[in-house]
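Asks: What follows is the residue order along each chain.
There are 2 protein chains.
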Amino acid sequence: MASLGDIGVGAAINILSAFAFFIAFAILRLQPFNDRVYFPKWYLKGIRGSPTHSGAFVSKFVNLDFRTYLRFLNWMPAALRMPELELIDHAGLDSAVYIRIYLLGLKIFVPLTVFAFSILVPVNWTGGTLEHIKDLTFSDIDKLSISNIASGSNRFWAHLVMAYAFSFWTCYVLYKEYKIIASMRLHFLASENRRPDQFTVVVRNVPPDPDESVSEHVEHFFCVNHPDHYLTHQVVYNANKLAKLVDKKKGWQNWLDYYQNKHARNPAKRPSTKTGFLGLWGKSVDAIDYCAAEIEKLCKEEVIERERVVSDVKAIMPVAFVSFKTRWGAAVCAQTQQSSNPTLWLTEWAPEPRDVYWANLSIPFVELTIRRLIMAVTLFFLTFFFMIPITFVQSLANLEGIEKVVPFLKVIIEMPVVKSFIQGFLPGIVLKIFLIFLPTILMTMSKIEGHTSLSALERTSAGKYYLFVLVNVFLGSIITGTAFQQLHKFIHQSATDIPVTIGESIPMKATFFITYIMVDGWAGVAAEILRLKPLIMFHIKNTFLVKTEYDRQQAMDPGSLEFASYEPRIQLYFLLGLVYSVVTPTLLPFIIVFFSLAYIVFRHQIINVYNQQYESGAAFWPDVHGRIITAMIISQLLLMGLMSAKGAAQSTPLLIVLPILTIWFHRFCKSRFEPAFVKFPLQDAMVKDTLEQATEPSLNLKGYLQDAYVHPVFKGGGFERPPAIDEEEINPLVPTKRTSRRSTPGHSRYGSEVGSEIDP
Amino acid sequence: MASLGDIGVGAAINILSAFAFFIAFAILRLQPFNDRVYFPKWYLKGIRGSPTHSGAFVSKFVNLDFRTYLRFLNWMPAALRMPELELIDHAGLDSAVYIRIYLLGLKIFVPLTVFAFSILVPVNWTGGTLEHIKDLTFSDIDKLSISNIASGSNRFWAHLVMAYAFSFWTCYVLYKEYKIIASMRLHFLASENRRPDQFTVVVRNVPPDPDESVSEHVEHFFCVNHPDHYLTHQVVYNANKLAKLVDKKKGWQNWLDYYQNKHARNPAKRPSTKTGFLGLWGKSVDAIDYCAAEIEKLCKEEVIERERVVSDVKAIMPVAFVSFKTRWGAAVCAQTQQSSNPTLWLTEWAPEPRDVYWANLSIPFVELTIRRLIMAVTLFFLTFFFMIPITFVQSLANLEGIEKVVPFLKVIIEMPVVKSFIQGFLPGIVLKIFLIFLPTILMTMSKIEGHTSLSALERTSAGKYYLFVLVNVFLGSIITGTAFQQLHKFIHQSATDIPVTIGESIPMKATFFITYIMVDGWAGVAAEILRLKPLIMFHIKNTFLVKTEYDRQQAMDPGSLEFASYEPRIQLYFLLGLVYSVVTPTLLPFIIVFFSLAYIVFRHQIINVYNQQYESGAAFWPDVHGRIITAMIISQLLLMGLMSAKGAAQSTPLLIVLPILTIWFHRFCKSRFEPAFVKFPLQDAMVKDTLEQATEPSLNLKGYLQDAYVHPVFKGGGFERPPAIDEEEINPLVPTKRTSRRSTPGHSRYGSEVGSEIDP
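As you go down the protein sequences, you meet chains A and B in turn.
Going by the UniProt record's numbering, the residue at position 557 of the first sequence is 557; the numbering climbs one at a time, nothing skipped.
Going by the UniProt record's numbering, the residue at position 568 of the second sequence is 568; the numbering climbs one at a time, nothing skipped.
To be clear, the hints were calculated from the coordinates, so they are not data collected in a lab.
Among the clues, some could well be false.
Because identical chains share one entry, a pair is satisfied inside a single copy or across any pair of copies.
What the hints assert, rightly or not - No farther apart than 20 Å at their CA atoms in a straight line, the calculated lysine to aspartate or glutamate pairs in the EDC-like style are these: (1) K325 to D228; (2) K249 to E414; (3) K679 to E348; (4) K107 to E216.
Build the full structure now, drawing on both the sequences and the hints.
Replies: Next comes the structure, spelled out in structure tokens:
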């Protein structure tokens with residue numbers, strides 16, 4: 001086991017590497033030509049624009065003012081300075097609430113650390129058990145942990161009382177946070193501008209009617225059943241094939257741009273390509289002509305397909321977006337059951353247009369339940385048996401296997417360096433590749449489950465990922481062996497033995513998790529700010545594809561917060577903190593450093609970088625809350641197991657009360673706050689309606705809503721590009737400079753903070 | 001273990017005792033003076049009335065036509081003859097669906113029995129394992145059961161396949177039944193006459209307002225938020241104390257009647273009573289004057305209390321019944337969230353006025369969740385630890401204890417006969433008393449949980465009783481020992497071992513359960529039809545209290561189906577049937593006899609006796625369905641355990657699929673049908689509204705709804721008795737005869753069937 005000194009060295013290394021990331025970030029982001037990578041959000045908002053031609057040519061690319069480098073951590077206070085209301089306005093409620101998860105971590109763990117260090121650490125330190133055991137090697141960390149208390153000692157009362165105190169504190173903070181976020185959500189919804197989804201309900205499983213089209217049927221049904229409120233509706237076309245064609249055309253367009261750029265830079269030689277797969281083999285042709293021809297062909301196909309979709313009855317899906325005259329009418333329709341057959345005329349709030357996942361809208365009810373069953377079974381196998389295919393692939397990916405498939409590489413592979421590399425790294429790489437693709441796999445599973453909005457897809461993927469992390473990272477690290485082996489062990493163990501088995505090994509794994517927090521948490525967060533992948537991608541695209549300002553916007557692509565994979569990882573830290581708060585308090589400061597660092601970095605990122613694809617109004621909070629509750633219950637059960645393993649089984653009746661109270665607290669919170677995230681209260685809808693009628697009595701709502709829910713491929717101009725603006729744009733490396741800073745007063749305060757660092 | 005012969009003798013005894021009950025019933029019910037005990041429903045419907053004075057005096061009391069006694073089982077076909085639609089019309093949907101549970105049992109178990117006997121019994125019989133084991137005593141029943149198959153034999157494939165077949169058949173029947181009952185419910189709701197609860201929503205947790213009374217606040221809130229639909233509302237007074245006074249006065253009134261009757265029969269002597277407790281000691285006074293004075297006193301108190309309730313602001317609870325102009329408006333309000341704080345303005349469908357449980361209407365939200373937590377913990381302790389207080393009381397209720405408390409009884413107790421009686425029966429009696437009071441205890445717990453309608457109270461009590469039966473009757477009989485000992489054993493066993501432990505002992509307990517089915521099931525059902533307790537109570541009341549026709553109506557009190565204790569007992573038979581269908585098919589015919597007998601008896605009872613207090617429209621079906629699913633899953637898990645105990649562990653992967661599919665089936669049914677039992681579809685509401693507007697355009701709905709939801713103590717005349725009609729009514733034994741038979745054509749067919757047996 002690692003001693004305190006070892007941990008100190010590890011911490012120093014990780015802190016230094018984090019600093020290295022920060023310095024790299026400081027240098028890179030001050031270079032004007034990286035500006036679009038590190039501040040894309042401001043470009044999208046129109047606050048930073050295209051650069052002007054003033055100044056030396058070099059200074060368009062490289063920042064030569066060395067004073068700015070000295071203040072390389074300046075972005076941290078800057079990130080913290082924007083007040084929350086402005087942040088919500090700037091980045092949306094989803095992002096603002098997302099970073100509150102880190103803040104919640106601080107709120108929970110800072111007092112826990114203070115109490116644990118002032119009460120539990122002295123109690124453990126003076127326990128003096130480990131010193132009396134001769135043949136045991138132990139570290140200082142163990143002396144500070146519960147391991148140092150003699151079996152059956154009265155000192156366990158301290159841990160028991162602290163377990164209660166910590167649970168109550170965590171519940172208190174969770175309750176307050178849930179309350180705040182529920183009111184933030186309601187306030188956000190109430191203060192929002194008019195949005196199409198406020199008036200619209202998505203209706204699924206419209207029953208077929210022999211005499212009427214889907215559109216007529218929908219209109220008649222809602223005219224009859226919501227006579228005072230129905231306004232208009234929009235049927236949904238199955239445009240999946242058309243969307244594919246559009247995507248394909250876009251790909252060819254990119255190639256055409258690339259070849260045109262190449263030709264423009266070297267007019268003497270026309271670029272050529274091959275017609276085969278990926279341009280690797282086949283007949284050699286003139287690239288520009290070939291691409292243009294392909295685009296032409298696709299254009300024709302697209303026109304045909306577009307006509308087919310619009311005219312074909314079968315392309316109309318039994319789904320419609322129904323809009324109402326008032327928010328009240330929409331709220332009523334979304335919350336009530338329409339037909340006596342509860343699988344027909346299913347209504348729910350329409351996601352906002354950007355949030356709709358079009359491909360899933362037409363899945364019928366029975367198919368949905370079957371899909372969910374299959375995905376639940378798949379998830380179970382993926383979580384517990386994922387090692388089986390990995391091991392299989394690893395067994396294939398050995399030297400003999402590779403030599404068989406590609407015999408001509410034998411000479412290279414047999415070289416000692418290469419050989420040892422393959423033998424050493426290949427198994428690890430296979431696993432790593434799987435882990436990289438895991439979020440995508442889980443997202444695909446969620447898509448198969450048939451959720452109809454991107455936000456729901458992200459939420460369910462996050463739930464799946466959390467299960468995976470819990471079983472394979474947390475339990476897998478504590479009980480060595482694959483998840484399948486654990487499962488096998490657990491089902492052959494009694495219900496009381498499982499917490500004991502895990503609880504016993506908990507204190508021994510503290511140093512491992514401290515290292516994990518530093519490597520995965522600290523370094524991960526520091527790497528996050530560097531945005532290495534988007535940086536490289538941007539420069540590649542900028543070099544080869546960008547011709548117009550629009551292209552550069554596209555290349556910039558800030559991406560959005562990947563809630564589905566980030567949030568479960570945060571939950572791991574909550575779990576570790578709660579489990580170790582009583583057992584090994586030494587771990588807590590590392591958690592606190594993680595949360596503070598992550599809070600600052602992600603606050604910076606959502607202010608400057610990420611551009612959310614949609615706005616769900618913090619609809620994910622019930623999940624976050626539920627998972628922290630799960631972590632609490634796990635920690636309480638494991639403490640119970642540890643206590644009985646340590647000969648303090650008489651504490652079990654007292655400790656069993658904790659999970660019961662926690663579950664009750666969860667149910668209480670659920671009934672108290674969750675409706676705010678699922679339903680829309682009629683009172684609020686009525687207030688907004690009344691206000692709108694008073695301020696805008698002559699509003700043409702029908703016109704406003706007419707085209708709100710049209711499939712993106714039907715929206716005019718979505719795939720038409722504006723022509724090139726001027727020669728400057730062909731320049732691959734684009735210096736940028738804020739031109740319209742201070743243009744919008746709402747953002748001025750923050751804008752000037754950032755600006756002051758770079759302006760000469 | 002009992003042999004087939006023993007079982008046969010047991011069956012014969014039980015069949016004979018059942019016949020004895022039926023004969024006793026046949027004799028008793030043909031006596032005219034018992035008519036009101038066995039056919040009260042027809043009196044309540046007004047189809048049977050007071051007797052006329054024709055015929056001999058004796059024949060008013062005793063049926064002398066001996067021919068009628070010969071046809072003593074005639075009521076059975078008569079009970080089956082009423083068609084279901086007429087039954088719903090006559091007894092309500094709740095009762096009609098309740099007896100469908102027995103029918104469902106037949107639908108499930110008759111094909112199961114046929115298949116089990118044609119496939120599994122031959123397979124078991126020729127298994128030939130038991131014969132080869134020398135030192136084992138075994139019975140023929142065991143030879144027919146799975147015990148006769150050698151460990152690890154290939155014959156288990158037959159059981160595996162049958163387990164699949166049985167599960168699929170059960171699911172199929174359940175699905176069809178759920179579908180039928182959902183459509184019956186919808187049809188019932190749609191064809192119902194106008195009822196106040198169709199237009200009314202109960203609003204709980206009205207927030208306090210400093211400037212307005214509750215009534216004004218409710219009116220303003222709904223005028224604003226449901227402007228087009230709000231009609232009127234009725235606040236709820238806390239009249240619990242007043243209700244108590246009214247009850248008390250009723251008790252005194254009964255005593256007054258009793259003494260007046262006594263005096264009338266013996267005018268020479270005025271009856272006297274004592275003022276102390278129960279009239280046992282204290283000053284001797286004239287009984288009639290004393291009772292009259294007490295009633296006078298209570299009348300005055302009542303008037304004061306009545307005025308206080310109406311005028312005191314504090315007596316108005318933050319609850320209101322809000323009525324709407326249309327069913328559509330009520331359906332909308334009941335299904336939507338009103339306020340942004342989801343714990344205020346809670347709306348739900350109002351139960352029908354008879355179904356309201358007034359005392360629980362004012363419990364605030366936070367208190368509700370705490371009450372539910374406490375009751376959940378209490379239920380857990382009651383289920384698993386109920387033997388502890390029982391044992392404690394049993395230890396007190398021994399000879400020494402009794403002698404200490406009542407020393408003057410020492411002489412009697414010390415007599416050998418009494419002594420052995422006390423020692424032998426007292427512990428059993430303590431347990432029996434507890435079991436008799438158990439439904440009341442569970443109902444009290446449900447009341448503490450705060451449900452606001454009688455139907456919900458019954459449903460939740462049934463759930464609690466089911467848990468108790470499952471743990472203490474089913475598991476308790478299989479694994480001997482108290483529930484607490486089982487619990488202790490289970491939590492120290494691995495998850496895979498529990499089904500094995502239980503599964504192993506399953507086949508051994510088959511004979512016990514067969515006896516149980518005969519004694520508890522067959523005899524219990526036969527005893528049900530005799531109505532011994534109501535019979536005695538009626539004659540006591542009729543002798544001492546009855547002066548008027550109204551009094552006799554009161555004394556008749558048919559009661560209603562005790563869903564809360566009957567339904568969980570049926571569930572036990574479902575559980576036994578499903579568990580033993582594969583293991584010991586011999587048990588199945590006994591289950592079938594139970595279900596057929598119970599079906600006929602209860603069909604007779606709901607036609608002739610029970611008068612439901614309320615009508616919930618079969619709202620209990622999702623619970624019934626869910627419990628049968630639970631029984632299926634338990635049977636599948638136990639079969640899995642049994643199989644691995646029998647060395648056929650390789651079948652586990654195949655068997656684990658069954659519970660997964662069953663759970664999925666449950667979820668599917670839940671989403672497919674449950675909304676029909678919880679929500680009211682807008683389409684149906686709109687249809688009824690439109691129809692009503694067309695047929696009764698000038699309906700004064702406000703007047704109709706004005707007093708619908710007034711606390712029963714405020715309803716005029718509820719406690720005022722009509723004066724005595726004529727001297728005939730003083731006669732304690734009242735001969736009755738149908739006078740208005742055939743008066744309502746709807747019931748004529750059945751009425752004449754019953755009548756033909758008694759009429760001379």
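Asks: Name the hints, by number, that the structure is in violation of.
Replies: The structure breaks hints 2, 4; every other hint is satisfied.
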